[in-house]
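With the hints as a guide, dock the two chains, each given alone in a separate frame, to form the complex.
Protein chains in written order, with the numbering used here: chain L, 1 to 336; chain R, 1 to 349.
Keep in mind the hints are simulated off the structure, nothing from the lab. One thing to keep in mind: the hints can contain errors.
Said to hold, decoys possible - Derived DEER-like restraints, expressed as beta-carbon distance ranges:
#	chain 1	residue 1	chain 2	residue 2	range
1	R	G29	L	N151	12 to 20 Å
2	L	R3	R	T256	27 to 35 Å
3	R	V257	L	T17	28 to 36 Å
4	L	T17	R	S174	53 to 61 Å
Built from N, CA and C at the ideal position, the CB exists for glycine as well.
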Amino acid sequence: MGRPLLVVENLSAVITTGRGPLTAVDGVSLSLDRGEVLGIVGESGSGKSVLARTIMGLHCSDPRFALSGTVKLDGRDVLGLEPSQLRAMWGPEVGMVFQDPMTALNPVKRVGTHLVEAVRKHQQVTRRDAVGQALDLLDMVGIPDPRRRINQFPHQLSGGMRQRVVIAMALANRPKLLIADEPTTALDVTVQRQILDLLDRLRGELGMAVIMISHDLGVVAGRTDRVAVMYGGEIVETADARSLFDAPRHPYASALLAAIPSLKGAPHQRLAAIDGTPPDLVMPPSGCRFAARCDAVHDDCRVQPPQLIFDGTHGTACHYPVNPLISTASNTSGDT
Amino acid sequence: MTNQSVKDDAGALGSASAAPSLRARRRAGAWRRTRRLFVRVAELMAVLFLVSLGTFALLSLIDTDPAVTILGEGHTQADYEAVREDLGLNDPLLERYADWLGSAAHGDLGASIVPPYHDVLDRIMAALPVSVELALLGVGMALLFSIPLAMWSAYHAGGRIDRWISAGTFSVLSVPSFLAGLLLIWLLSNGLGWFPRAEWSRLDEGLGANLYHAFLPALTIALAETALLTRVLRSDLITTLQEDYILAARAKGMGTVHIMFSDALRPSSFSAVTILGISLGRLIGSTVIVEYLFALPGMGTLVVGAARTGDYVTVQGAVLVIALIYVATNALIDLSYGYLDPRVRRSHA
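Next comes chain R alone, as it looks inside the complex (with noise of 0.2 Å):
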């Protein structure tokens, strides 16, 4: 096999001299490999550190103090001073700190401060399934409408189809969510009645039901999402339509829709990708907006009431579980690379 593989390299011309044998390549990429690994390891920690502690500093200036919700109206001094004592409050934020992160870092993100005094992570694994799947079906939606949009934008371009998408997409870019939102209900929910407002029904209550209630908070973050990625990926389309290896499969007598599917988008896919990546993150953790409006219980909802009682220990763990999913998700579109261009891939082969 090593024998083989050298005198294929002697044959490739120009690269006979420099290239090593096969055997030193293998074992520099797997040391590549297991080096790169543990660098994704130690900046996932670096970036769950920073985040828990910027959130943990900026809470302690919010003058919201959780004993005041505990207490309510009409408490004495002693009773308030009691609280506070017994909450922790007292104790230098830097002590406060550790403490949450000593036992986050047992997997206990701890339990709310304020009633119901609820477990930190049961509601977020409450909250958590409502934001990824509205954040997964308005990102697919997106996919499923500005992959042939976009293609046939691109192969169009300059033409009128294509003005029309582009001035589509940036009217509804320069459209806030919540007017959108808004929009959406007004015609689909009141106006023609087709789907319920302000109403959530779980996964395990029937995937039809979950899926007509999360249609229209859906399609309210695919507007934004469909318009970025139709723009995003028309022009890298376009450029990709300029190579000469599409002109090549024009000339061997490929039809148009297998160039488009199958030799255009992959390589065009690069910024639109990265950018799905970003929005996933973003989405799973800040549609707030898109959440108040249709009431729904997700990770938005969860935050900000948090932070209005100045219940930090849900905030923390809240903050902790969205930047981790975060970083998952950017690691894995990095991966993805590998499979849109397999010149990224670490070739040992």
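Pulled out of the complex, with its shape left as it was, chain L reads as follows (with noise of 0.2 Å):
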């Protein structure tokens, strides 16, 4: 497959808060091959949509963020870049798609300025030709007569529609990376799965890698190649998608998978909850940070935070994971 699309090497974004530095992201590494769909998942506040930002390059000016580690994506350090260069790589190079189309679309403005303005951005047309493609990319996320739309206002669209245009947007100039910020998170359950469905048909269609961020794994499940659990900044487990779901490791995960509520089991069934809330990131945990919540807790998982490591492509931070493999449950406890 040749060289990933994106590297991200020991990233970590910290902000400065009335409360002092808060570690939203905290030392995150992955990578992401040309084509390949990653969903991370994780509850609110586990800093899933600052990592999505921090690997776009867009909280590379602002005073109140301190960034470090490295993001290569298609072989440039995105943290290194000028903010010129950051805005002719925004749109071409990476698109986002973002959680609630009612606000992620300008008021003022109607559906086809947005389009057009952002091909215009990128490239070298006139404003008829700039037009057509506004048209086609309308067409292209599935939104019904183009032409009447093109003039209306966001107000005057569903939200799913709203939510095509959004897609329609950040695919303008076609991005090799989508990221989809909890791209279904404000929508009705009906049209959720259609802007689902859209996304993966897209992607298939341009190619393009996709990073799948929500808090809900159903989201995720069937969509992705590969996902990534975020916990307190950190991820605590990775693997492709098939392994994570059958055989979880890390107890959140685990927990997160039987959060679902699945039509397989008895009726008036209670669903399983996590209990507690997610960590201070100002004052974070000295051990292993979901050790408050965690059911299968030792003694030293409060002491000594647990690395992530990897079996293959399946990698775990936890002290005491949950399936561990015959070959290697020795060697995981026994090294930390």
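And the structure:
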């Protein structure tokens, strides 16, 4: 497959807050091949969105953010780029889909303007050609009657339609990487599926890599090649989708899976919930960050932070994994 | 056309069952617009009526006697009574008001009751252009200054430039306009000799000369307005810049200047535009201090001079015109909300 499209190494993002420095992303490493789909899962506050925006370089010029580590997108060091180089990259290299289509479109701009300005920013084309491209984009994301829709304002479209426009906007310059940050969270359940199917189809058609961020494992299931589970700013488990869903090793990943309502279970059963709240990232706990909420916690978990240890492609940051492979069980616990 | 729309409505999730037909909505929209127009006109009438009545009542409380102004010193009691009778000053207040209202309704604002007995409408038409020009120039300059200042400030919110701009706007706001005017005269007119003071050149005497004379008074007005607009616009811009659509615009590679003017300014300008409308109306009627300072023949000078001589007919007429402009300006501001935010428009597309 050659060189990976995206390589993130030991990336940290520290935000200056009124209470002190908040480590939203803490030493994250990951890589993504061309055309690959990576799911990043975690509850709110786990650092997924900050991670996504940092990978894109959106926090680069923000004085409140202290970034360290490296992000290489297609061989270029994102965190070292000048603002103008970043702007040239946003669009043709990487695009972003946002959580809430109600707020991601400017209420005073027509649908067409959103697309036309994106096209003309990166391509030397006439207005007429750009409008033509905008119509094609609307058609591509499955908006009926694009000629009428292009002149409408965002508030005249339904939520699902708006999210399609947001997707069209992100794809206007055919990025190699699309970051979808909770693309369906704000939508009706029936529309969620349509949007996910659309993203699937477009990924196939355009051959781009996708990072799909969600708090919902159900969204990621069956639509991703790899999944990374985030907790407290760290990746606690990463594996190819199949082995993560079949045999999660981190107690947090396993608890998340147990919290998905299933049609197979007995009716009127209480959903398994994870008690407690995520750790305070201004003053993170010294040992494993999940220790306070973990059912299988041992004494040393509270002292010794576990490292992300790989067994092949399956990485887990836990001293006492739930589904240890026989070959590595003794190895992992003895190591640390 | 109708079929097409209905089909699309059914396609848009959620609104399928509730959406009325296109024709019904269009009819409802037309009716709503007609009704709003009626309400507008009725409001205008009510405002003008109350303002003129109020002015009339207030003027009768001032004990400046136009008869004394006309006769000067050393008149007899008989002369005095005759003049008062002649002016109709002995009639009951309401009767005088009704008389005045009757002719005003026909567009006749009467003639000044003190020498040289000029027609009131003529006097207003001579003074109004000065005030309107001053107000427009002042507000225009204020916009020119405040938009970049507010953008700069909001973009670097909390930074050093922002703090300097905030301190600057606060100090300007706390300086009374007569002092600001005096300072400007002292600096730019007396000191550097760039601009004349206490002269006015009418627009028909040439645009250059006119603007040259209008610059200092307009700048005096613009100072306070700039400070006010900058503060309001800055805080709204800061809110807007937090919006997702600003991030979305950045994420597709748009530059900072484009984002500021094309994405952030319009959604942030509601409060500023409202203030602008109020300022414009206020400035046209009551830039008395600035007019006095620069000896300009504007509306403020006209009203104050008339009130001092007890020339209630002139005051009445001027106040009526000022009120009319006030209401008209604010109606325009209301209309502009539809441009600023398409969601305010009655959609019937």
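Here's how the hints hold up against the structure:
no. : hint                          : verdict
1   : G29(R) to N151(L): 12 to 20 Å : holds (18 Å)
2   : R3(L) to T256(R): 27 to 35 Å  : holds (33 Å)
3   : V257(R) to T17(L): 28 to 36 Å : holds (30 Å)
4   : T17(L) to S174(R): 53 to 61 Å : violated (34 Å)
The structure shown violates just one earlier hint, number 4.
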